[in-house]
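In order, the protein sequences belong to chains A, B, C, D and E. Under the numbering used here, the residue at position 65 of the first sequence is numbered 65, and the numbers go up by one with no gaps. Under the numbering used here, the residue at position 50 of the second sequence is numbered 50, and the numbers go up by one with no gaps. Under the numbering used here, the residue at position 57 of the third sequence is numbered 57, and the numbers go up by one with no gaps. Under the numbering used here, the residue at position 43 of the fourth sequence is numbered 43, and the numbers go up by one with no gaps. Under the numbering used here, the residue at position 85 of the fifth sequence is numbered 85, and the numbers go up by one with no gaps.
There are no misleading hints in this set.
Identical chains share a label here; the pair holds if one copy fits it or two copies do between them.
Derived DSS-like pairs (lysine-lysine); straight-line CA-CA distance at most 25 Å: (1) K89 <-> K23; (2) K23 <-> K5; (3) K5 <-> K89.
In case anyone wonders, no lab produced these hints; they're calculated from the structure. Note that this is a predicted model, so its numbers are computed, not measured.
Chain by chain, the residues run as shown.
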Amino acid sequence: MIVGKVVGNVWATRKEESLNGLKFMIVVPNDPVNPGTRESIVAVDQVGAGIGESVLVAQGSSARKTVQHADAPVDAAIVGIIDEMEVRKD
Amino acid sequence: MIVGKVVGNVWATRKEESLNGLKFMIVVPNDPVNPGTRESIVAVDQVGAGIGESVLVAQGSSARKTVQHADAPVDAAIVGIIDEMEVRKD
Amino acid sequence: MIVGKVVGNVWATRKEESLNGLKFMIVVPNDPVNPGTRESIVAVDQVGAGIGESVLVAQGSSARKTVQHADAPVDAAIVGIIDEMEVRKD
Amino acid sequence: MIVGKVVGNVWATRKEESLNGLKFMIVVPNDPVNPGTRESIVAVDQVGAGIGESVLVAQGSSARKTVQHADAPVDAAIVGIIDEMEVRKD
Amino acid sequence: MIVGKVVGNVWATRKEESLNGLKFMIVVPNDPVNPGTRESIVAVDQVGAGIGESVLVAQGSSARKTVQHADAPVDAAIVGIIDEMEVRKD
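Throw the hints in and build the complete structure from the sequences for me.
Have a look at this one:
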């Protein structure tokens, strides 16, 4: 998983039927150790994340495990809302 | 998923049989947060996207969920046509 | 999928048994929109591609859908020989 | 797999139910051959790794093989604690 | 698959049980067309590759096809020892 920050939403009326009802959020990776500009991801959200929140994002086939319809073509999902992080660099 | 722009088409007569009937479109990633030059992708389209449209692209095994023939060797698919995006960067 | 150019062959006598009979070709990604130097891939070919040809390459688990032996450890496959591409950049 | 160093922890109270009980650790890739700054990963740990330890991390669908609940949306896992490495560069 | 060179070994006593008996080798990608410094990979070996040998490496879920225990969290495997390569760049 990666740490990301939710920065926006995407709306698509015409889409794969199995995606109906899903919420698509734009997430920017936000590396707690090595910050830097990274490509944004559109992730499905079913944990209720809001704009500005720090989240855990799972990618690849694992993202499909978050949606009821196992056949939805989803490759990124918000799987948790981060409360706290601790990083020790030494 | 990523946000992309449809910029072209690919035609291949000699191909894996399970790909027959599929439409292959060239999509350039178009990051709404951190723009930049990215590698193009050839994605299968079954939502009716046209050249110039902004689309959602799913990659990896999830892309196979969009085609009837679950055994088609497809690793990228257009899964939605984007109507609107909202990005808040602060 | 990505667009690539076939540039060579790889031979391996000692290999996983399930790979017997497969042809391994070296393919260089050849982005029709944003050209540049990319890492080459070794892809299995079952559509009869030749050196110099422009091909469609599928990667990841989807590549296994091209081989009879579904248990072959294959992560890239040539799935089509490209006849024509059309790119509109504006 | 890749070699990484455990540098921190992530806590998320609101998360996918199937993630309950899992421990999330921040791991920085630590290439034994070509060192350099790499993006950190949040990996599930079930081998008991501690901060500062050198670990093997598996990514993608393989990471799900480490958790009891095969349907957990996990895409990175610590699969071993490294005792020793030997690298010969010549 | 990619072409790599075996440069070392990794030992881990505490690891996922399903990894017992597997041999972990450090492989550096060694692109026959576009050489350059790439991140090393830890790959499972069951074809008997030795230090210094040129090998084919499969990544992702396909790597699991090389191990008896299909549930081992393995995401990279040496699948062949390369005898010969031919590259034509023109």
